[in-house]
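Chains as they are written, first to last, in my numbering: chain L, 7 to 357; chain Y, 7 to 357; chain S, 7 to 357; chain R, 7 to 357.
These are calculated hints, taken from the structure and not from any lab test.
Every residue gets a Cβ at the ideal spot worked out from N, C-alpha and C, and that includes glycine.
It cannot be assumed that every hint is accurate.
The calculated label-pair distances, taken between Cβ atoms and stated as ranges, are [unchecked claim]: (1) Y:ASP261 - S:GLU350: 41 to 49 Å; (2) L:ASN257 - Y:GLY192: 35 to 43 Å; (3) L:ASN257 - S:LYS46: 29 to 37 Å; (4) Y:GLY258 - R:LYS46: 53 to 61 Å.
Here are a few chain L residues that face chain S, going by a calculated C-beta distance under 7 Å [what the hints assert, rightly or not]: (5) SER48; (6) SER148; (7) SER188; (8) ALA195; (9) SER196; (10) TRP197; (11) HIS200; (12) PRO202; (13) ARG204; (14) SER205; (15) GLN224; (16) VAL245.
4 protein chains.
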Amino acid sequence: MAIETLNVSIVGGSGYVGGELLRILLFHPGVRIQQVTSRKFSGIPVSFIHPNLRDTTDLKFSSPDHIKPCDILFLALPNGESMKNMRKWMEIADKVIDLGADFRFRKAEDWNYWYKSEHTFPEVLVKFVYGIPEINREKIKSAKYVAGPGCEAIVSILCLYPFVKNKIIKNFPIIIDAKMGSSQAGSKASWSTHHPERSGAVRSYKPTGHRHTGEIEQALKVFSPDLSVCISATAVEIVRGILVTIHTFLNGKCDEKGIWEILKKEYRNEPFIRFVKMDQGLYRFPEPKVVMGTNFCEIGFEIEERSSRLVLIGAIDNLVKGSAGNAVQCMNLMAGFPEKTGLEFSGIHPF
Amino acid sequence: MAIETLNVSIVGGSGYVGGELLRILLFHPGVRIQQVTSRKFSGIPVSFIHPNLRDTTDLKFSSPDHIKPCDILFLALPNGESMKNMRKWMEIADKVIDLGADFRFRKAEDWNYWYKSEHTFPEVLVKFVYGIPEINREKIKSAKYVAGPGCEAIVSILCLYPFVKNKIIKNFPIIIDAKMGSSQAGSKASWSTHHPERSGAVRSYKPTGHRHTGEIEQALKVFSPDLSVCISATAVEIVRGILVTIHTFLNGKCDEKGIWEILKKEYRNEPFIRFVKMDQGLYRFPEPKVVMGTNFCEIGFEIEERSSRLVLIGAIDNLVKGSAGNAVQCMNLMAGFPEKTGLEFSGIHPF
Amino acid sequence: MAIETLNVSIVGGSGYVGGELLRILLFHPGVRIQQVTSRKFSGIPVSFIHPNLRDTTDLKFSSPDHIKPCDILFLALPNGESMKNMRKWMEIADKVIDLGADFRFRKAEDWNYWYKSEHTFPEVLVKFVYGIPEINREKIKSAKYVAGPGCEAIVSILCLYPFVKNKIIKNFPIIIDAKMGSSQAGSKASWSTHHPERSGAVRSYKPTGHRHTGEIEQALKVFSPDLSVCISATAVEIVRGILVTIHTFLNGKCDEKGIWEILKKEYRNEPFIRFVKMDQGLYRFPEPKVVMGTNFCEIGFEIEERSSRLVLIGAIDNLVKGSAGNAVQCMNLMAGFPEKTGLEFSGIHPF
Amino acid sequence: MAIETLNVSIVGGSGYVGGELLRILLFHPGVRIQQVTSRKFSGIPVSFIHPNLRDTTDLKFSSPDHIKPCDILFLALPNGESMKNMRKWMEIADKVIDLGADFRFRKAEDWNYWYKSEHTFPEVLVKFVYGIPEINREKIKSAKYVAGPGCEAIVSILCLYPFVKNKIIKNFPIIIDAKMGSSQAGSKASWSTHHPERSGAVRSYKPTGHRHTGEIEQALKVFSPDLSVCISATAVEIVRGILVTIHTFLNGKCDEKGIWEILKKEYRNEPFIRFVKMDQGLYRFPEPKVVMGTNFCEIGFEIEERSSRLVLIGAIDNLVKGSAGNAVQCMNLMAGFPEKTGLEFSGIHPF
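Next comes chain L alone, as it looks inside the complex:
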C-alpha cells in the first residue's frame, strides 16, 4: 500500500482504552506511534501495564508534559480532563480524536446537566463531530475533531437508529437494559472492583439516570424530536463487553420481514455491523463473547406480538467498537485509509 505513514500520539496511555489503542495501532500499516503518555508511568515500558504487548513493542510511556506535535492525537483521559487542555491539543495536532465525554454534546448545558459540572470550553463543542461512522461517515471524513461516543451510547444508538429514523417504534418508552463488563469502569482499583466483591456480581449499579441517556437522545432526536430513552445498567461477570436489551414498542404493524428490510437498508454495506438472529444453535442473538477484541457491533431482534414489543439486542466490545476500535475506524476515515485497516481481527472462540 502506498499510503503515507502518519505520526500519531496517545494521551492517557496507561488505561484500558489507551492500551487497546496501542494494541490496534501497533499493527496498523498507516501509522507510526510517536508518543504514548502517562504521568504516573513515565519512562516505563508500556508492556509493564499492557503485558500482551511484551516483545511486540519497546515503547515507553512519555510524560504528558513532553508531548510533541503530531498528525493525529488520541485523547484517552477521564471525563472532564480533555477540556482543560483542548486548546493545546488542537495546537499540536492537525486532528484530534477525543475518547472522553467532554466534547460529545453539541450544547454545553447538556454536559452541565449530565456531568453535574460546568463545561469550561464550550465554544469548540460545535467543531466536534460525534464519531459514529455508520451515521456520520461523511462528516467524519472531513472532520478535524472527533468525539468518540460512550460505549453504552454507541451500541444503543446503532440498534435504535434504523427504527427511529424510519418511524417504526414509539418515542416512549424506549428502555435500554444494559449489561456491562468490569473493564468499563477503568483501570483504577477500588472497593467495587476488588475481585472477591466484583466476582460473580449481577449488580444493579445505575438503575436510573445514566449519563449516556443524554448522548443517545441527542443522536436520535435528530430524527424524532419527542423521543426519550430510559437506561438501567447492571454489572455482570465479564471483563469486556456490553449487551443491551432494548425494549421498544412498534408504532404500527410491522413483521419480521419489515424489520429486516429496515436493517438492511440502513446497514447493508457497513463493514462492522453484523446481524445475528438465528432459529437454532447457541449463538442465536448478539453476544459480547463473540465480538470480544473485535470492532463488530452485533445487532439482533425479536418481536413479541401479544405486546407489540420489539426487542432489540446489541453487543459490542466496550474497549473496541465501544472506544478504541471505533476511534481507529474514525481515524481511517479522516486519514483516507481503507475503513477496516487495522481492525480485521475476527475474535476468538471459545474463551
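Following the hints, position chains Y, S and R against chain L.
Using the frame of chain L, we list chains Y, S and R on its own:
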C-alpha cells in the same frame, strides 16, 4: 420443640432442586427424609450427585417405582411429568408440594398456551394453591396441595405485587428484564451448558415469549385485570441466582417515601423479604450473590423522575426462594412448624 | 442445651476473616457477640461491609479503643499487628484466639526469618498453642491462648501429618503446589485484585519462599526432624478456597490399602476431616467448591507406582477451616462446647 | 508477497482445534482453505459452530467422505482416529499435519502403554516428525508428515528442554503440576463440563498417570536417558490456557544468571518464546491470560536456594501454541513461508 416428626419423600432427587430440598430437609428438626427417588441413580448414595452431602447423610436414591406412603411428598420433576402420576402421588401422601409447572395455573388453557401441550389432569388444578406465602399464606396453611411457583415468576411477583395491588403503576408496559444463572436450566448437560460455551456468557436466550409470563399475569390480574407483562431473559455468568430489573411507570405522582410506605405495609413482617436500597456502599441494591444459599428475596427500587419510571429490582437464589426453600417455607406453614424452620442460613460473603 | 453463654469480641471485624467469625458466631448457641471492632467503620452497621448479615444482626462496629473485657477475644488483624497490643488483649480477656501469624512460631527467630521483621513480644510465644484440633486437641482444651494456623499451612499439615508421623514418605522433597482463591489476600483493594486483572488469572504469585513453609516445617519436624518442604502458590479464579496438590515420595512399598489404614488410624473420629477418593463420578478428589462455607478439610490421594510418588490432595475453605471456622472449633474445645457447635453447615451444590 | 497459495484442508473442523485452525488460516496470506470436514455438520456454515467467523467466511462443512486432494492436510480428530485412515490421508495430500496423539511416539509400544490400545499403523511412526519447531526446526522444514505435540507436553518440553540438554537439573524428580482450562477437554458436552459443575472448579482430574508423560519423556530422554517425569493435572476456571509449574532440582550450583544464559542460548531467536520474570508488577511470571489467542509460549523461573529447587513456569494457549497455532508454525516451515505468517496476533488485555 415438641413438634411431631413428619415423614417426607422427594420424587426426582437427583436434580438441582432435589439436591437443595435434601440439603435443607436433612437439617430440618421437624422432618425425617423417608425416600429420595431417582430412576437413573437408584441404589447410589445421594452424595455421589450432591457432593456437599458427603458424611452428612448415608441416604441412597430409591426407584420411583418403590415409593411408599408418607406425610408430605415433594415433586421435583421436569415440567409435564408430575401430571402423569398425580393421582398416585395424591394417594400415597396427605400433602403434595409440586415444584414443577404442571399445577401452577388455575385454568388448563393457560397451561396449554404457555407450555404448548394438552394438560392431562385439569380437574385437580383448582385444588392446588399457588405457593407464595407472602401472598397466599392463609390458603397455604390449610392446603393439601401446593404448586411451587417458577423461579422467575416468584421474584417478579414479589417485586410487583405491592405496587399492582395498591394501583401505583401502570398496567402496561411492565417489562421484566431477567438475568439468570446456569443452574436454572437444570442438571442435564448439553451444548448450551458446555463450559467453554457457557462460560462468560451474556446470552439473550428468551427475548420474548417467556413461559413465566402466564404465571405472573395470573397472580397479578387478581388485583388489576388489564395488566400485562413482558419478559426478556438473559443468561449471565453465575451458577445460582436471578436478578430482575423491572421497568414500570408510575400511575401518578409518587415519591420515594410513598414507595417505602407501600413496601412496608405489604411486607413489614415477612421473614424472607429484605429491602435493599442504600445511598452508599457496594451492595446498594438487591444482588443474587448476597442471597446465595438463602431463602431471602431482596427487593429494591429507584425512581426516575424525568420519565416517571419506577425501576424495581429483585434478587433470589433460584434454587432456594425460587424453588426448594420456598417449598419448605410452604411445608412449614402446612405442617404448623415455625415458618423459618430449616431456612435460617444467612448466606456467605464473599465468595 | 444448658450451656453458659460466653461473651466474645472480635478485634478486626471488617475483614473477611472477621466477617466469617461473625457469620458463624451469630448462630452459635453458646456465645453472645459483645463487640466487633473496626477503626475505619466505627459506628457503622456490620452489614454495610458484610451484606449477608443484613436483617440477621443490628451490630455496629466499635472502635478498638473502646474494647471491653470479655470471656473470649478473637483477633483478626493483619500479620504483625496483634503482637503490638497482646499484653492488653491478655488483660481484657480470659482467652485469646489470634488468627494472625504473630504467635504461630515457638521461636522468635522463625518469625524473624519468615516475616523479615523483629518479633516484639517473644516472651509469650511459648504460651500459645498452635490451633490444629486434629493434632493438638488436648492442649487446646486447656489453653488460654491459641494461635490459629495459616490457611495454606493447616490444609498442608492435615494432609501430611499422618504420613510423616508414620514414616511413610521421604523427608525430601515434599512439594506443596497450592492453588488459592482471591479472598486469601484480604479485603483491601489493589492493582493485583482489580477485577479486570484478577479475573481468569492462573497466576504464579509465590513460586518459592512462601512464609507458611516455616509453620508447616515446625509442625511436622516434631515427627521427623530432618524434613523440609517446598511451596509454590498459584492464584486461580475462585474467591474462596485452597487446593493443595502435595507431591511426596514413598519411603518404601506402600499400597493404597496401607495409605487408607494410616488415614483412618489418625482421623477416624475427626468431625471435620472428610476422605475423598472415588473411582467414578465428578467429585473423585477433594475440591474447594464442595467445602465452600464449611469447616471440612477434604483429603484424598493417588499413588503413582512407576515413580513411587504419593500425591496428596487437600481442600478447605480458606476463611473457614483455614481461619474463622477452625478458630471456632478451637473455641468450642476451650469452652467445653461440643466441638461441632455452630459449624454444622453442609455446603452448597452447585454454585 | 510473491508466495504461492497452497490448498489446505482440515479434517475434523467442528472441534475447538479445527475452529482455531480456521481462525488462523482464513487470514493466512499463503493458503486457501479448500475443505473443512465434519460428518455431523456437513452442509452447515462453519460459523454456526464457530460464531467468531460470522461474516468472515461463507465456508460450509464438507463430509469427510468427499475430501479432495490438497497440498496440506490438517487432521484435528480425537485420539486414535487418524491412524484408521492415515493411508488415505497420505494419498490425498503431499503433507499431513496430525494434531492428534496417534503419531507422536516413535515406538508403537509407547502408544500401546499410554493409550491402552493397540496401534494399528505402526509402520509409519518413524516417518513422522514430532512438531516442536524450537527443537526440531530443520527436520520439520523437510518433513512430509508432522505430529503436533500434546498441549501439556509442548509447554512442559519447552520449559525443560534447555535445562535437561545442558544438564542443569536432576533427572528425578521432575514434577509437572499443570493447571488446565476447560477447552482442553474438547467440544463435546458431558456431566464434567456442565457449567454448574465445572464453573469455579479447582479439580484434581489426573493426579498421576497422565498420558503426556510418555511424550515428554520421549522428547527429553534424547538428552538424558535416565530422566523421568511426574505429572499432576488440575482443572481450573478458565476456558483457554495451560499453566505448568515445574518443580525441578538443580544438579549443582547455578544462580539466576546461569539460568538466564541457558535460556538465552537456546531460545534467543525464537519468534514465539517469551521470557517473563519481573521483580515488580502484576505479570511477573508467565500467565495463560496474557497469551490467550496467541502463539507465544511464556517461560519464567525462580530459584529456591534453601532447597536447591528450580521452579520453571510456562504458559500457553492450549488451542494455539498447544495445537492449531503450533501446527501452522510447522506448516510455515514445511511450506517455506516466513515462520510467523498468520501468527502475529498480540493477545488481548484485559479480558
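Hint-by-hint comparison with the structure:
1. Y:ASP261 - S:GLU350: 41 to 49 Å: 46 Å, holds
2. L:ASN257 - Y:GLY192: 35 to 43 Å: 40 Å, holds
3. L:ASN257 - S:LYS46: 29 to 37 Å: 55 Å, violated
4. Y:GLY258 - R:LYS46: 53 to 61 Å: With a Cβ separation near 59 Å, GLY258 (chain Y) and LYS46 (chain R) satisfy 53 to 61 Å, so the hint holds.
5. SER48: Interface hint status for SER48 (chain L): violated (17 Å vs cutoff 7 Å).
6. SER148: With a closest approach of 37 Å, the SER148 (chain L) hint is violated.
7. SER188: 4 Å, holds
8. ALA195: 4 Å, holds
9. SER196: Holds, because the Cβ-Cβ distance from SER196 (chain L) to chain S comes to roughly 6 Å (cut-off 7 Å).
10. TRP197: 5 Å, holds
11. HIS200: Constraint on HIS200 (chain L) satisfied, holds at 4 Å.
12. PRO202: Interface hint status for PRO202 (chain L): holds (5 Å vs cutoff 7 Å).
13. ARG204: 4 Å, holds
14. SER205: 5 Å, holds
15. GLN224: With Cβ-Cβ at 29 Å, over 7 Å, it is violated.
16. VAL245: Hint holds; VAL245 (chain L) Cβ to chain S Cβ min 5 Å, cut 7 Å.
Going down the numbered hints, you'll see the structure goes against 3, 5, 6 and 15, while the others check out.
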